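2 protein chains.
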Amino acid sequence: MSGHDVLATIDLGGTRTKFGLVRDGELLAAAAVAANAQGSLEAHLYKIVEQLRVMCARFGTTLEECRGLGLLSTGLVNNRAMRVLTTNGKYDDAINFDFPGWARARTGLELRMENDARGALIGEWRFGAGRGANNIVMVTIGTGIGTAVISEGRPLTGPHFSGGNLGGHIIINSGGRRCTCGAVGCLESEASGWVLPLLVKEHASHGESSLNGMEAIGFTELVAHAADGDTCAADVWAHCLRIWGEALVSFIHCFDPERIIVGGGVMNNPHPVLHDLRKSVANLAWTAEGQVEIVQAQHPDEAGLLGASALFYAPTIKPGLIHP
Amino acid sequence: MSGHDVLATIDLGGTRTKFGLVRDGELLAAAAVAANAQGSLEAHLYKIVEQLRVMCARFGTTLEECRGLGLLSTGLVNNRAMRVLTTNGKYDDAINFDFPGWARARTGLELRMENDARGALIGEWRFGAGRGANNIVMVTIGTGIGTAVISEGRPLTGPHFSGGNLGGHIIINSGGRRCTCGAVGCLESEASGWVLPLLVKEHASHGESSLNGMEAIGFTELVAHAADGDTCAADVWAHCLRIWGEALVSFIHCFDPERIIVGGGVMNNPHPVLHDLRKSVANLAWTAEGQVEIVQAQHPDEAGLLGASALFYAPTIKPGLIHP
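Quick mapping for you: the protein sequence lines, in order, are chains A and B. Under our numbering, the residue at position 23 of the first sequence is numbered 23, and the numbers go up by one with no gaps. Every position in the second sequence, counted from 1, becomes a number in our numbering once 1000 is added.
Because the hints were derived from the structure by calculation, they are not lab data. Model, not experiment: these values are computed from the prediction. Glycine residues also receive a C-beta, built at the ideal position from the N, C-alpha and C atoms. Just so you know, not all the hints are guaranteed correct.
Stated by the list, open to error - Just a sample of chain A residues kept apart from chain B, beta carbon distances all over 12 Å, derived:
1. GLY13
2. ARG131
3. ASN134
4. GLU215
5. VAL223
6. PRO272
7. HIS299
To be verified - Which stretches of chain A does chain B cover? Using the computed rule of at least three CB atoms under 8 Å from a CB of chain B, they are:
8. 59-65
9. 148-156
10. 183-196
11. 242-248
12. 256-264
As the list claims (entries may be wrong) - Some chain A residues judged to face chain B by a derived CB distance under 7 Å, without partners named:
13. SER162
14. LEU166
15. HIS169
Could you build the full structure based on these sequences and the hints that come with them?
Right, here's the structure in full:
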């Protein structure tokens, strides 16, 4: 097989690094390793590249024959200079690491980079739940809450490269809970995975709750106990759904999307989350000129690698000329 | 004087219609009339055009000689098809009114249109407090709260033409006050001109307040009474400043601007509003890659007409190519 239409892709996450080969939006092969974020990024990437070489060999090609190397990273990413700007304590040598130079030297390939949340949205946009839309907000609800935005056919980026990515930190409950970001009452500090144990513990009927004393409380446990009639679990879950619905309304009012893609760990439970979010939006959002579709992410695991490959494709949807 | 470089401009507001002549970002002449929003838009525009003709004559030119007619309107505006989409009960005949056809028939001029908040930001961007910036959020705090956004060198618009314009309706206080828009706890329903009398009335020490029994309570009265030591006025004012600071943080986290322009009636009082907003942003916003300038609108009265003229200029700032 010729590798000329194959993209090598890497998605540097906080806990896992995924990597794989993508051709025309199809993931030919993929694997993941633990992130080793306390170690050196260069050593970590060395091992990834070795494994990508093995993958290529399995397809009868070589890494050098691939069309390019698409790489996503957590933190702020300068997608023009191809640099990581912030790491939040992970891979300290990532800051100012010369990714394009490293890629050329190690693989001979051209490298393109993007922030991981923006990259995952690009993957859904090109090859998944975002197809055909020109204006998309993606909200990923897991331990934290990540967001990304496609606006008028372009991934919103901004001068500090955080455009669309800090939607988990809109203030949704003035005077609320202190967030890890330093603000107070953020979407993420009001209703996300990391705050669930605190919400449960602070609930008035926590003492009688079947969640009392549980070590790990995630969305799965919360929904299961709520379904079993536990008041504390039901109240905390209803609170989360309400906050997320309000957040979607705020995103609609800010970005005017035609579609919202919801993903993340919260979708892995039997509760019809989208149904509740759609109801909130129908009740609260100001959408005089058309409803907003609210859909589930199509590639929860693969969107990042697909998006990393799409960094090498020309935009297929041209932005409209607003002021000629 | 030749009119070839002069733009005729009209800003259809909810209470007043402004109109004038603009050349190279300089307002040559301007006037305003009451909006008469209950009457017919066509009759209203007829009178405006007659007055624009008189203005032109004063400059030794004619309306027909002007380069074009720039028109702003409240409500959602389709800036491609040049239509008004919503009027909120004002000028019922504005919906589906053929503005370009009317302009050609009545004046022989090409017409371009925009929403009034977006138009005012375009005016500040080209000729005022937004000069030199490529990413701007404008927040106008008056009776209501209006917003508009320039993102990567383009006015954010969106498929339903509300992009960036509904920032007054991000939900900032989950479970808070019912807003005129149908949502609950919006920025505008938590701290804006129309809600001040309610905030004062609901305050615990309203009975002893010097504001008790006052008919009209605006920002000027609130700030004056707060400065005189009235607890109720001081608390409500502090509440408003806190909410607005939190809103700016949310806008920074959504849009990643390099500059925020603050305008509206709230700036017409001696309190250093910008100082407080800058402090909130410094304390709460996640700006790892650079601070955001917070500045005052430069043309509080004229930005609309200046922006209406700018609809005829090619963009001077090219959007960066994010994904080649």
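request  = Output the numbers, in ascending order, of every earlier hint that fails for this structure.
outcome  = Going through the list in order, the structure violates hints 3, 8 and respects the others.
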